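Protein chains in written order, with my numbering: chain C, 176 to 633; chain A, 217 to 478.
No lab work stands behind these hints: they were computed from the structure.
Some clues are possibly wrong.
Said to hold, decoys possible - Taking lysine-lysine pairs in the DSSO-like style, the calculated list, with each CA pair at most 30 Å apart, reads: (1) K606(C) to K478(C); (2) K332(A) to K416(A); (3) K569(C) to K371(A); (4) K568(C) to K332(A); (5) K365(C) to K549(C); (6) K477(A) to K569(C); (7) K569(C) to K494(C); (8) K617(C) to K309(A).
Since we're looking at a predicted model, the values are computed, not measured.
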Amino acid sequence: MVTGRQSVVCSGKYAVFTMLFLLLFSAGSAFAQDNPFGQITTDKGAGSLIRIAVANFKPISPDAGLGNYKQTFDTTLFNDLNSAGLFDIVSKDMLPQSTPGFPAELNLTQWSAAPANAAMVAFGNLNLQGNRLVVNGFLDDAHNTQFPQIFAKQYNEEASDDNARQIAHRFADEIIFRLGGGVSGIAETKIYYVKILGPNKEIYEMDYDGANQHAITHLGTVSLSPRVSPDNSRIAFSTLGRDGFQLKMFSLLLNRPVNFNSAGGTNLSPAWSPSGQQLAFSSSRTGDPEIWISDPEGNIAHKITAFRGPDVSPTWNPKTGAQIAWISGRSGLPQLYIMDADGSGITRLTDGGYATSPSWSPNGQFITFAWDRKYGPGAPGGQDIYIMEIASKKWIQLTHDGGRCDFPSWSPDGRHIVYANSPDGKADHTKIMSMLADGTQKKALTGPGADMPNWSWK
Amino acid sequence: MSAYATSPDEQNDRFGSGIAGAILLHALVVAAIIGWAAFNHFHNPTWGESAPQVGSIQASMVSAIPLPTKAPPVKDNVLTPDEVSKAAAPPPKEAAVAPPKDTDVLIKGKTPPVTKVAPAPTEAPPKHPQPVPVTPKANTGEQATQLPHSVTQLKNGTSTVTVQDRAFGNRYAYYLQLVARAVSQNYYPQEVDAQTSEGKSVKLLFDIQRDGTVLNLRIETRSGSSSLDTAALRSIQRIDNFAPLPAGDHLTIEDTFDYHKP
Chain C
176 MVTGRQSVVC SGKYAVFTML FLLLFSAGSA FAQDNPFGQI TTDKGAGSLI
226 RIAVANFKPI SPDAGLGNYK QTFDTTLFND LNSAGLFDIV SKDMLPQSTP
276 GFPAELNLTQ WSAAPANAAM VAFGNLNLQG NRLVVNGFLD DAHNTQFPQI
326 FAKQYNEEAS DDNARQIAHR FADEIIFRLG GGVSGIAETK IYYVKILGPN
376 KEIYEMDYDG ANQHAITHLG TVSLSPRVSP DNSRIAFSTL GRDGFQLKMF
426 SLLLNRPVNF NSAGGTNLSP AWSPSGQQLA FSSSRTGDPE IWISDPEGNI
476 AHKITAFRGP DVSPTWNPKT GAQIAWISGR SGLPQLYIMD ADGSGITRLT
526 DGGYATSPSW SPNGQFITFA WDRKYGPGAP GGQDIYIMEI ASKKWIQLTH
576 DGGRCDFPSW SPDGRHIVYA NSPDGKADHT KIMSMLADGT QKKALTGPGA
626 DMPNWSWK
Chain A
217 MSAYATSPDE QNDRFGSGIA GAILLHALVV AAIIGWAAFN HFHNPTWGES
267 APQVGSIQAS MVSAIPLPTK APPVKDNVLT PDEVSKAAAP PPKEAAVAPP
317 KDTDVLIKGK TPPVTKVAPA PTEAPPKHPQ PVPVTPKANT GEQATQLPHS
367 VTQLKNGTST VTVQDRAFGN RYAYYLQLVA RAVSQNYYPQ EVDAQTSEGK
417 SVKLLFDIQR DGTVLNLRIE TRSGSSSLDT AALRSIQRID NFAPLPAGDH
467 LTIEDTFDYH KP
């Protein structure tokens, strides 16, 4: 500062120097700008949730078997609404003593007052008519005493425990559809995953809540990365055969493998375009692993990346079908990139670390991916699930200190993410977890030995 | 060599040492500048280095920032005690003089007409079930009376969703709350310029179609703050879909954003 003042005093000759000094002094503070929009919001927390009370349904007929169905139905409905991420559910302990079966039996003030304080009440009745299970479900607005009813639905299915669960899923989906901003619920969706059976890995299917786990393929080899088509008719996956890893197609309608033309090299990680007419995948048929696009039979394959270094794990923008996010090692460690579906407009999204397995959110706004942000020996942290907003490249970390996490996949409603988690890092201990897209409500869907989940499109 | 010099001493005008001194001085100044710049450059922490957010942004998923509570007043402060010393008692009020009655002074022509009949007592209007929450109240008073509306507290103001169709609003009050909730979730208070004056208000109109999509979004009354107008518009534009309409072909929604300094 002394030098600066002297030059000012001396003469105009040093005016240039003075300016230079002032520039130097001021330059140091110019970087200290903070971001005024340092917030991504996918959910605004508990304050914006709808408080809903779920009454136990009333059994009408005195059949003994109805009790089991009622138990299944009540539990499933409560769990569906609880995991929807939209509701603040009234604990069953706080519900009024009465069990309303019909709108006339519902005393609204009892439900809207403390301790329930419900804004919405879901209730109804179950009935066994011969071999049919008939369920009437109602949703009422607890604060609107004049016109409480929001909707009423009747379900009539063959009586079975599985159908009781399906009816509960459908009733829950209807509530979520009416109250959740027109986005369909996910209670009827499926999750496809890889089951680790000793040395072999097979493709399995389960309901979104982890129930009803069963095998799809019986190939007796290693099958990886199942991806279900947007119309739920086929599964594409990669399987280890005589020619190395090749893509295979399995029809869920015919319940058998269908043709997919293979080529040389290692073919991995298929991804359906939202139209169902194209399949993007990684193939090393020309030597270097690149992203290829073909039709669902494996024909008219064409390469869309051409850069030295591996390119794997494509995923389409499900909203537009015009963009692909993928993982590329062109600059060293694998990083997350996006490009247009013709291979132009390449943008890098991550700035370091080790990024894998992206999945694009249904509304096109976010990408979730697994990321080891500080990769290397002795580096802190581990592989965790992240979300990035594509427009701003801002990200948030969803899992913390839970062990190695990988293979995130969005639910079709955009409110949930399913992923694989291995608490101790061992591959056989990997289990499938699901959470809300803001990282809350984590829960395990399977036991150890399940990996690479993929949420169906609807 | 100076041509006018008379002595060898004068002949030597010390040009050489002078220029050397000047060069040395300049060199010193330049060295000082470069040294200072280098010191500043290497010494200062580089961009985002030791900041708490390392090369990244901080994202928080909460809806409200838990502000620190106000510190309680310090009890035993000798210098500025809370107890104010007693001020002198105010002078006693003068006895109020009763205001003159109308009958005291007779003004010609102002006498009330005797023929007027007192209006018949009207029935109290039927109580409409109002959607909750009624508080906090927006300061757009003209619609706070009868039309079905739903007020949401935002971080920097309130959002009032009003529906002109009263029958719909009463029958499907829950739908109005769903709309208000969706709008407030998609409204980013950071987008509003902090210089916006207190009490500015923008009114939007839009139609919700049967399937929940938005049509004809427009500004009915501008607030005068373009950032507030844009933030309000964007809060609707961000929404892909509202819930499907429970009844009717379309629904016109009026949404008023009132700005209050956070």
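Checked hints:
1. K606(C) to K478(C): Answer violated: K606(C) to K478(C) is near 34 Å, above 30 Å.
2. K332(A) to K416(A): With Cα atoms ~45 Å apart, K332(A) and K416(A) exceed 30 Å; violated.
3. K569(C) to K371(A): holds, 22 Å
4. K568(C) to K332(A): Not OK: K568(C) and K332(A) at ~75 Å, beyond 30 Å, violated.
5. K365(C) to K549(C): Outside the cut-off at roughly 34 Å; violated.
6. K477(A) to K569(C): holds, 27 Å
7. K569(C) to K494(C): Status holds; Cα separation ~20 Å.
8. K617(C) to K309(A): Measuring from Cα to Cα gives roughly 70 Å; hence the hint is violated.
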